[in-house]
Each structure stands twice: as C-alpha cells, then as structure tokens.
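Protein chains in written order, with the numbering used here: chain R, -2 to 580; chain P, -2 to 580.
Calculated directly from the structure, the hints in this document are not laboratory data.
Heads up, the beta-carbon is just placed ideally off N, CA and C, and yes, glycines get one too.
Any given hint could be a false lead.
Stated by the list, open to error - Where chain P lies over chain R, by a calculated footprint (3+ residues, C-beta under 8 Å): (1) 104 to 115; (2) 322 to 333; (3) 384 to 393; (4) 397 to 405.
There are 2 protein chains.
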Amino acid sequence: MYLENIKGPADVKKLPMDALAVLANEMRTALLKKLSAHGGHFGPNLGFAEATIALHYVFNSPTDKIVYDVSHQTYCHKMLTGRKDAFLYPEKYDDVSGYSNPQESAHDFFTVGHTSTSVSLACGLAKARDLKGDTENIIAVIGDGSLSGGEALEGLDFASELQSNLIIVVNDNQMSIAENHGGLYRNLQLLRDTDGQAACNLFKSFGLDYVFVKDGNNLAELIPAFTSVKDSKHPVVVHICTQKGKGFAPAEQDKESWHWCMPFDPETGKSKVTFSGEDYSEITAEYLLKKMAVDKTVVAITSGTPAVLGFTEERRKQAGKQFVDVGIAEETAVALASGIAANGGKPVYGVYSTFLQRTFDQLSQDLCINNNPATILIYAASVYGMNDITHLGIYDIPMIANIPNLVYLAPTTKEEYLAMLEWSVEQQEHPVAIRVPGGEVISDGNAVDADYSRLNRFAVTENGSKTAILALGTFFPFGKRIAEKMKAETGVQPTLINPRFISGLDTDLLQELSTTHDTVITLEDGILDGGFGEKVARFYGNTRVRVLNYGYKKEFLDRYNAEDVLRENRLIPEQIAEDIISL
Amino acid sequence: MYLENIKGPADVKKLPMDALAVLANEMRTALLKKLSAHGGHFGPNLGFAEATIALHYVFNSPTDKIVYDVSHQTYCHKMLTGRKDAFLYPEKYDDVSGYSNPQESAHDFFTVGHTSTSVSLACGLAKARDLKGDTENIIAVIGDGSLSGGEALEGLDFASELQSNLIIVVNDNQMSIAENHGGLYRNLQLLRDTDGQAACNLFKSFGLDYVFVKDGNNLAELIPAFTSVKDSKHPVVVHICTQKGKGFAPAEQDKESWHWCMPFDPETGKSKVTFSGEDYSEITAEYLLKKMAVDKTVVAITSGTPAVLGFTEERRKQAGKQFVDVGIAEETAVALASGIAANGGKPVYGVYSTFLQRTFDQLSQDLCINNNPATILIYAASVYGMNDITHLGIYDIPMIANIPNLVYLAPTTKEEYLAMLEWSVEQQEHPVAIRVPGGEVISDGNAVDADYSRLNRFAVTENGSKTAILALGTFFPFGKRIAEKMKAETGVQPTLINPRFISGLDTDLLQELSTTHDTVITLEDGILDGGFGEKVARFYGNTRVRVLNYGYKKEFLDRYNAEDVLRENRLIPEQIAEDIISL
Chain R
-2 MYLENIKGPA DVKKLPMDAL AVLANEMRTA LLKKLSAHGG HFGPNLGFAE
48 ATIALHYVFN SPTDKIVYDV SHQTYCHKML TGRKDAFLYP EKYDDVSGYS
98 NPQESAHDFF TVGHTSTSVS LACGLAKARD LKGDTENIIA VIGDGSLSGG
148 EALEGLDFAS ELQSNLIIVV NDNQMSIAEN HGGLYRNLQL LRDTDGQAAC
198 NLFKSFGLDY VFVKDGNNLA ELIPAFTSVK DSKHPVVVHI CTQKGKGFAP
248 AEQDKESWHW CMPFDPETGK SKVTFSGEDY SEITAEYLLK KMAVDKTVVA
298 ITSGTPAVLG FTEERRKQAG KQFVDVGIAE ETAVALASGI AANGGKPVYG
348 VYSTFLQRTF DQLSQDLCIN NNPATILIYA ASVYGMNDIT HLGIYDIPMI
398 ANIPNLVYLA PTTKEEYLAM LEWSVEQQEH PVAIRVPGGE VISDGNAVDA
448 DYSRLNRFAV TENGSKTAIL ALGTFFPFGK RIAEKMKAET GVQPTLINPR
498 FISGLDTDLL QELSTTHDTV ITLEDGILDG GFGEKVARFY GNTRVRVLNY
548 GYKKEFLDRY NAEDVLRENR LIPEQIAEDI ISL
Chain P
-2 MYLENIKGPA DVKKLPMDAL AVLANEMRTA LLKKLSAHGG HFGPNLGFAE
48 ATIALHYVFN SPTDKIVYDV SHQTYCHKML TGRKDAFLYP EKYDDVSGYS
98 NPQESAHDFF TVGHTSTSVS LACGLAKARD LKGDTENIIA VIGDGSLSGG
148 EALEGLDFAS ELQSNLIIVV NDNQMSIAEN HGGLYRNLQL LRDTDGQAAC
198 NLFKSFGLDY VFVKDGNNLA ELIPAFTSVK DSKHPVVVHI CTQKGKGFAP
248 AEQDKESWHW CMPFDPETGK SKVTFSGEDY SEITAEYLLK KMAVDKTVVA
298 ITSGTPAVLG FTEERRKQAG KQFVDVGIAE ETAVALASGI AANGGKPVYG
348 VYSTFLQRTF DQLSQDLCIN NNPATILIYA ASVYGMNDIT HLGIYDIPMI
398 ANIPNLVYLA PTTKEEYLAM LEWSVEQQEH PVAIRVPGGE VISDGNAVDA
448 DYSRLNRFAV TENGSKTAIL ALGTFFPFGK RIAEKMKAET GVQPTLINPR
498 FISGLDTDLL QELSTTHDTV ITLEDGILDG GFGEKVARFY GNTRVRVLNY
548 GYKKEFLDRY NAEDVLRENR LIPEQIAEDI ISL
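Just need the whole structure built from these sequences, with the hints factored in.
In structure tokens form, the structure reads like this:
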C-alpha cells in the first residue's frame, strides 16, 4: 500500500505516474472505510482524490499555500500531509477535525467551515507575499456550489486587482449540497459543453485567466494543467470537472444524500443510524406543505440546505413554485424574504444559526429597518446543535436579539413552536425569528396562549415565591427540574417562567416579581455576553433583587461533548439548584 | 417650468419628447440649487435625470415597482413622484430624506441606504408577484460601483432562477464613490468599447438577457430600450452609460469629490463649510503613511471609501501597493485582512460602523476563529456619526464585542487612540478592533499606559468612593463632568474609570470596587441591549452593588439631533448626576 508510506508531499512527488493512480484509489478506499464507520463529508472528498494528488505533486506545500473552501474536500489533503493515520486506523479516526486546521498541520492555513471564503482568504496570503517580496504560489480551491456565495463572488472580482500569482481551482462536480441554483451554473454547463472554449465565461468576465480540465479525476490531465499555471504572474482559474461520490456507486447516483453521511454499511450503503421520534425539520415541512396548499402566497426559502426545513426532493416537487432554493447565498435569502413580504407574500426562511451570521446586514437593513413581516426559522441554535468550532449555534442571541424591530421567539415545545410559526406567518406587523428548540422534540399536548402580538409577555407557568426562574427555550425543562428540586429540598415553590420572547423584557412582570421575590435566575442556551440574561440583570441593576445568569462563557468551543459544556458552565439543573439554595 | 407642474408620473407621460429633455435640465438645476445650499449625494443624481424620466415615461409606477440601490440616485425619482417641492422650495428641503422611503411615497418600496441590495430585494417583489399571479414590471436600478458587493452579485446570479419579469438597470457612470476596483469593471469597459457586443459578458454569464444603451443621458436611446424590455418574461439587464456629475463642470471633472457634497458656492464649486481642528481620518492617514515608510508589510485596506482612513488620491499614490481598495466588498476586506495577517503582514482595515455590519460572518469565521492579528478601525460609531436610519453607528458594540477572541478597544483621546493603534499593529496575538471616538478630537497631551496585552485592564483615572463611573470611549468626558458635578454638589469624589476595553471586564477591579462603592454607573455611546453596561450589570447581579446603565434604547433612529437623543435617553451629564444624587 502506497498510502501507508506517505509521510508528506515529498513522498507523493517520488511516486511514478501509475502508482499515483493507485494511490488515489487507496485514498478512496480509506475514505469509504473510515466514513462508513465514522460519518463525515463523503461525496466531495471521494471526487477530489486525484486533484489533491496532482496539487501536491506539482506544488511545493507548505511553501506554496493551498486554501480549501469550506473544507468539504480536505480529507485527501490531510492524508497526504502527515495525517494519513487518522484515515487508516480506527483508533486514530478522531485525531483530526473534519475541517482544515492550522493547529493540526503546517499545510493548513485557516480553520474553515463556512463556504465561499477561500478566494478572499487566499488573496490575503498573496497580498502579504507580494508585500514581503516572496514568490510562492497561492492556491485557492473552491467547489462549484460555493461560487454563488457573496464572499466568493466578491473574491473572484477582486482577485485580478492583485496582478500577481493566484491560482483558483474550481472543483466543478455539478452539485452543491443539493442541486445548484443560479444563473452562473448554466455558464459552467456551457463551459463544460464547449471544453472551456465558450466566449462567454464568468471567470474571464471577472478579469481572470482561465484553463479548463475536462476530466478532473484524471492525473494525466490535471498534472499538466497545474504545471502550466505554476508560478503564473496573474490570477488564473483552473476549472476542473470531477465526479462527486466517485468510486462508490450509491454516492455517484444520489449525490445529495451522500454529500455528508452518518455511519453506514459499506456494502449496501444503508445507514447504520436510525432516528426514532419527531424532529423539527419534519414538523416544519408538514406544517408548511399544508399551509401552502391553502395559501399560494406562502413560500419556503432555503440557501442551499433544503433539508433544514425538511424539504426532501419529493417535497420540493410538491411545493413547486412555493419552495425557493437561492443556492448558497444567505444574503439574498433574507433580502428575498423581505421583498416577498413587502409585496404581500408570506416567506419562511429556514437556516442554521451558524449560517445566519452571513446575513447580519440584510437582517438589519433589508428586513428590520423596513419592518417587513418575514419569518426566519433558526435551527441548531443550541449546545445540542453541531459541535465543530465553525458551526456553533450559541452566538445568535447577541447577534440578532439586539437588532431593533426584530421579534425573536423561543418556543419550548412542539405545540408552542407551531403556534408561534402560525402567528408569525399570518401577522403583518413584524419581522420574526423563531429559535427552533435543540435536543429532542418535547410535545406536552398543552394548549398554548398564542397571542404573541402583545410583544414581550412572558408566561408564568408556576407561581411561587422568593426565587423566580426564567428558563428560555431549549432550557425550559432545566428550569422545571430546578424548581422541582428546590421545592423538594426547601419546601418553597419557586416561580417558573417561560419568557417566550428573547428580544425584549416583560417589564411589568419583572417589576411585579421584585415585590415578592429576592432572587431571579435566567437560563439560556447561548453565550452570556450580550444575551437575554444580561437584559434582566440590567433591569434589576438598581434594585435589591439578586440576578444570577446562566449560559455559556464567551469562547469558541470545538468538538465538545454537550454534557461537559453544561457542567463546566454550571448549567446542570442540580448545580444551579445548589447555587440558589446556598445563597 | 415643467417641473413645477409634475405631480406624479402621469404628468411626465403627457409631455412631448422635447419637453422631457428640458425637464431633465430643470431637474439638474433644482439639484444644483438645493444641494449647493443643503448638501447631499450630488454626482450620481445629476447623471440619472434622463434615465429617471425614461423609467417613469415607459413604466407605470407604482404598479410597476422600481427599487433603487443605495438610494444615491433617487432624488430625480422623488421629484417625479409627488415630492418636487422638497427640491424646489428651500423651506421644504427637509421634507424628504436622502434615501428611498416608503413612508414618503407609494412609489418607494424599501428604505435603502446600504449598497448592493436592489437586485435581491427586487427578486423578492417579483417572486411575490408571481405567487399572486400578478403581472407588473419589477425594476431594480443599480450603479456600477455597487455591483462588486456580495449581495449584488448573489442577486445577479439568483435572478435568472425566477424565470419571469425582472428588469435590472445598471447605471454605469464608471465610478464608485472613488474609482472602481475589481475585474468586473474591465468587463464593463469591454462592453462599452464594443457597444455591448462583446461575447464575454458578465451579465450573460449569470444567465441574464442583456440590452446596451450607449448614451444613458439621451432620452431618444433610453425610451426605446426600456420599451423593448417592458413586460419581458425573463430577467434582463439594461446597461446604460451615464455621466456622473453631468451638467456641473467641477463634478464632471472631479467625480470622487462630488459624489457627495456639503453646501457649496454654485458658481465656483467652492465648499461653504470649512473644518478647523483635527480629525481622526487625517490622524490615521498620517500615522499609517509614516509606518508604511519604515515597514513594507503595513497595508491599509478600504472597501470603497478611502476617505474614511484619510487616504486622498495623493496619499493613495504615496502608499502605492500598501494601500488596497477592494471596492464595495466588505466581506472580502475582512477576509483579505485575515489572510494578510496569517502570512506575516500588518493589515489595517478602516470602515464605518454601519458598513461593518456587512461582514459579521467574516469577522467571526475568517478572522476571529483564526485569531489573526488584523486591525479594524471603526469610524462613525457614535451618536455624533451619520444620522440617517440606514447609517447609524450605535449598534456595533452588541454586534462585535460579543464575538469570541476579538479585542475591542475604546480610546478616549488622540494620544490613547494612537497608542492603541500602534500596539494593535505591532502585536501578533489578537484580532483587534478600535472604536474611533466620535465628536471633536480630544488631545490632552497625557502619556498613555499602552500595555494593552494585559487584556481587559481598566484605567482608574480618579480614585474616589461610594460611586464608580465607567465611562466608555466617546463618553469619557461625560463621566468627567458627572464626577465633577457630584463632587461639587455632595462633596464626595466618585471614582472615574476609563474602561479602554469594550469586549471584556476587569473583574479584579470590579471586585475591588464592590468593597468600597455601593453604586456603579456605566456610560456607552451605543444601544444598551447587548452592550458593555449589561456585562457590568451581570457581574454585579449577585451582589449589593447597584448598577445603572446609560446608553440608548434599542430602536432605529432617523435624522435625529444628537442632543435630543442624549436628552431623551437621560445621557446628559447633569441628568445622570441628578439620578445618582437622588439615590
């Protein structure tokens, strides 16, 4: 096996051509073995084995610097840069992250997990090189799906201003996570159909040189192409056509399902993980499809991740024109929602908390200044969401709850979620965001007081004295447990409150509480800085009411265990009850 | 005079062709008269008179809907849609805002003041139209300078997905605020040089139809072009070439200076406003140019607004490769800065607070997760900054001070600003943002303890007892005045503290204060929600220390008077002293 002996790129360069092709297949075999046991980004990595070999064969990493977009195609790069063991030996599978990571290797230059950043980041490396008078090659790798993001398009436009070496490898596998959306994909199709000869060329229109590689899984085409642009004095795009999922038939056929995988049977492709119970994506899709059937102005929007809203291919067909995938283009998704609402439609945009960050200005300017009644559903906004440093869902409260005019809601159960969603879709007064609860779906069958038009009214679910517990969204069950424990240990029933609103305080209720309570506790599934609890602390700043805020320390976490994070931040209900009783 | 009789678009449609040309000149005369007395966006409006007439002549506003990008070219539109008086009669000049505004007129669909949003917003109007089964024309107007922004490029890419009517008027006056930067501008040049015939066409590569208008100041060309695309069933770009500053010789010649104007003498073009004293843009430019001369890795970055950093055309020449204008592309500016820092350069990005919003995700992901030592200078982050609803500078503290790893500093004087800037540029540990003070430059000649590497150390500038005043950045002089007043009225000297750090607390000092003080006051030139003061309130939540936070209510303000805003939020030092004394 060649791969076992690859300690770094120098070992790749020594191999004869026929051995390189064998190496590519060994890498795919390792991917299949690891990912079928471990899960991870599957299709994009399988397709990029030959290109990774060719890059390391032609260029001199880490002096020459390769920046990978979104990191969905970095696994082969990791194998060839001293990290093969993490792909060969099960006990070492967790030694590397799923993303490029400078702390792992000198061959990685940025921790990257959001799309569309590689060209602009690489422009920075190139600019510094030029200022210092160095001469290395700077290479940005970007997938076709990432091209539609604003930062990527800005970067392509800016790159030619450098007037120096920058090599942009466009890995065109004709797919985003789902199918691509946007006019530029028709241009890529035209370029593929004409072997790159079409005069109308997106990349050339941005002032970039252009090289086409018809078979991006063929080393005999890739190596000469990369060699031809090495040490180029101008920014140049190398457009390579690869096969997503190459070498694993189910992934070649169903590219969307195999973009990313949970552990599966490598013989059949069948997932080893089965979910039981409900999830909020399914609940949302079912709600929206019903709603769409009776109201043609209801429209669901995704930015390249239709699964967030539970819209499988079949459901997308069912929704027809009432489902819009803007591609990876979060800014346009929010602007589109605002425009639809301004013209009498009822838009619902579903997005992960971490990707909502990409559209702060559109939330503020396009949507909230204009006060248009769009609905934004925010998923994985919880410690129980994704746990990679680049995909955390614990920062959205400070980010958006402080934007004027936005009503940010925190449901605690399925019933409450659906009531809030229905209210939001039908009301015409406010832009509304809903923080979809993390963890398991809780359904208590209780009827919900759904008049959310009276903004910032908290719901008292248990009347008590001395201590009031404001337990937001996902953490409401924690509040319940704390209250029960305190009652059991002290005999005094604390007041339990479901705040429902993240973006404002129920000042009448808080005022009232201060006459009968001496301690107020806040719980939120997010960082404390800039969050909900601090608003409560400010409200009571000039009173004798004690306020204890529970949430996370402001820091970037990585590959964490949720229980550990909760414990370290003293967020386990027993810890909190202990704190309060000790007061 | 025709203009006096234009009550709405219907009156435009009635005029014969020769009268329309006269009307255009009347509109320019009105612009010259109003703006020379009042100030405003000058060059872009002068160049767009004929196109505005042609749009209203051909289309049927407000049924057909025109969305203007950034609103720099809306003044003529306002004149033709019932708001002429605000351009003809000095006593009515302030009846309209400088931006498109649905509260003023049914012919405006969004309040817009940031660039690059019109195409995506218009896509939303078009999508709602299609869902409802309506058939009106939707028109987006966008200037060439705005095309480089990520949201605009996303919108151009997405538009063709609509497969229905959308007309995108690209107003190409060959200028952004300063000169354009980016490869796409060479494509626009090619299109101008070939009368739109070049096969390599940015817009076509996004899947859009394309029409070229050589003289966009000629009604005889514009009207047929717009007529030809009216009721088009596909998205189509109408690329019109106009003259920025048309009709006023100084503005035709020096387009950058005349993009926006203060009141001036209409005979000579000489500004009527003279600034005396220093300003932070000048101070910064002088510092950076000196630094660049001795360190070739220092590089200043702007995203289309070089004046922010004080970089006039002459200084840009002097800086050479050490000054980079990425064009209107804030996302790329931050990614570029991160990349430069990652490869050993010393980047300094200068940006207005309001436009920093456009790059939240790049701050978080590209910069702060990677902890690269870039410097970001944030201007107009103050009630004394710009006062239009779309350009406010009072939201940046909640936005960025809660991003992990970012060190956000608040200098109070010129000396402290320069010390912080020098420290930031030379250190290698942290991404740093500096909140450039608002209002007049204060220079006290005092030496500054500049060891900012010990993060979150507040500076006690006056030792006292009972009350401690934490007065952040621009509001430090307020703190001083409050302390003086309290000393005078009560005989007790309060402690006065310059926090210096916005993004973290000096917990040792706060702990110490609690033993000798019963009241802590915080002052910040920003909204209270998610801000600095709330962190202090949280810190003291479980103590007997009273905390009073002073800052602004979370709301969108518009065209305010700073003193009024301060008074309404009880931020006048005398009001605060009164509050404290009354406790």
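For each hint, the structure was consulted:
With 7 residues bearing a CB less than 8 Å from a CB of chain P, the region 104 to 115 of chain R meets the requirement of three and the coverage assertion stands. Note: the region 322 to 333 of chain R has 7 residues with beta-carbon separation from chain P under 8 Å; the three-residue rule is met and the coverage holds. Counting residues of the region 384 to 393 of chain R whose beta carbon lies closer than 8 Å to any beta carbon of chain P gives 3, which meets the minimum of three for the stated coverage. Beta-carbon proximity to chain P at under 8 Å applies to 5 residues in the region 397 to 405 of chain R; the threshold of 3 is reached and the given coverage holds.
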